[in-house]
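Number of protein chains: 2
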Amino acid sequence: MDRIPVLKIGAALLVTIQVDLHDSVAMALEEDLSNLIVKSGAKGVLIDISALEIVDSFIGRTLANIASVARLLDAETVVVGMRPAVAITLVELGLSLPGVRTALNAERGMALIQARLSDSYGEPGAAGF
Amino acid sequence: MDRIPVLKIGAALLVTIQVDLHDSVAMALEEDLSNLIVKSGAKGVLIDISALEIVDSFIGRTLANIASVARLLDAETVVVGMRPAVAITLVELGLSLPGVRTALNAERGMALIQARLSDSYGEPGAAGF
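If you read the sequences in order, they're chains S and Z.
Quick note on numbering: UniProt numbering labels position 101 of the first sequence as 101, and the sequence is numbered without any gaps.
Quick note on numbering: UniProt numbering labels position 79 of the second sequence as 79, and the sequence is numbered without any gaps.
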C-alpha cells in the first residue's frame, strides 16, 4: 500500500491514517489531498488518527504541512480521534500543531467543517452542499 | 494495528480498509461494527476498498458476513471504491457478494444510505439526521 485513500464526503475530504506514514506515503498523501481540494472544491480536510498509538515528530510535521497547504487552498484541516497519550506526546515533542483544528471524533469534525461552510454564505461552492 | 477504525458520519458508519484483513482483524471489525450499529443506531455501513488491489475469497466472505450481520441489525452495507480488476476477480472466485450494495465512490454510497433514510419516514431514529 503506497497511497492512503482520500474519500470525498459532502464538502469534506476524509482520510483515515492506519499505516505508518513513511516519507513517500506522507508525500503522496500531501499531493493527493492538495490535488483533490482543487479538483473537488472541498472546504475541509478531516484526518482521523484514532488508529495511531504513537505520533512522532515526522507525523506531527506532516499533519502541520497538510494543514498549511490546505489553508492556502482555502480548506480547513481538522484532526480527529487523537488519543490522550498522543496529545501528551505531541506537546512533549514541542509540536502543538498550530493551524490545525481538532475534534474528538469524525462526527464533530464534520460539524466544524459544515459550520464553516454555513459561514461562507453566498459563495458559489457552498450551494451544492 | 489490530483494529480498523470505524467513523460515524451522519447516519452511516464508515470504514476504510487499507491493511490486509487477517483473521483477527476481520473478526474485530465485524464485532466493532455490530456493536457500533446498535450503540449509534446507524442505518448504513460504508466500506471503502479503493486501497485494495487484491480481494481474495477471505475478504469477500468477510464483506458478505458484515453485510448479513448489518442487515439483521437493520443497517444497509454499501461497498465503495472497488477497482475494476477486483470486481473481475470476485466474479472469477464465484463471489458476487449477494446482499452487498456497491457504489462507485464514498459520496454516492453515502447518497444511497441517505436515500434509504428518507424512505423510512416516521421512524424515531430518522429524525436526528
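Because the hints were derived from the structure by calculation, they are not lab data.
Even glycine gets a Cβ: it sits at the ideal position worked out from N, Cα and C.
Wrong hints could be hidden among the right ones.
Unchecked claim - Which chain S residues stay away from chain Z? Per the calculated CB distances, all over 10 Å, these:
1) 7
2) 10
3) 14
4) 18
5) 19
6) 41
7) 48
8) 61
9) 71
10) 85
11) 87
12) 89
13) 99
14) 107
What the hints assert, rightly or not - Taking lysine to any residue pairs in the SDA-like style, the calculated list, with each CA pair at most 25 Å apart, reads:
15) S/8 <-> Z/72
16) S/39 <-> S/54
17) Z/39 <-> Z/104
18) S/8 <-> Z/23
Among the hints numbered above, which are violated by the structure, and what are their numbers in rising order?
1, 2, 3, 4, 5, 7, 14, 15, 16, 17, 18
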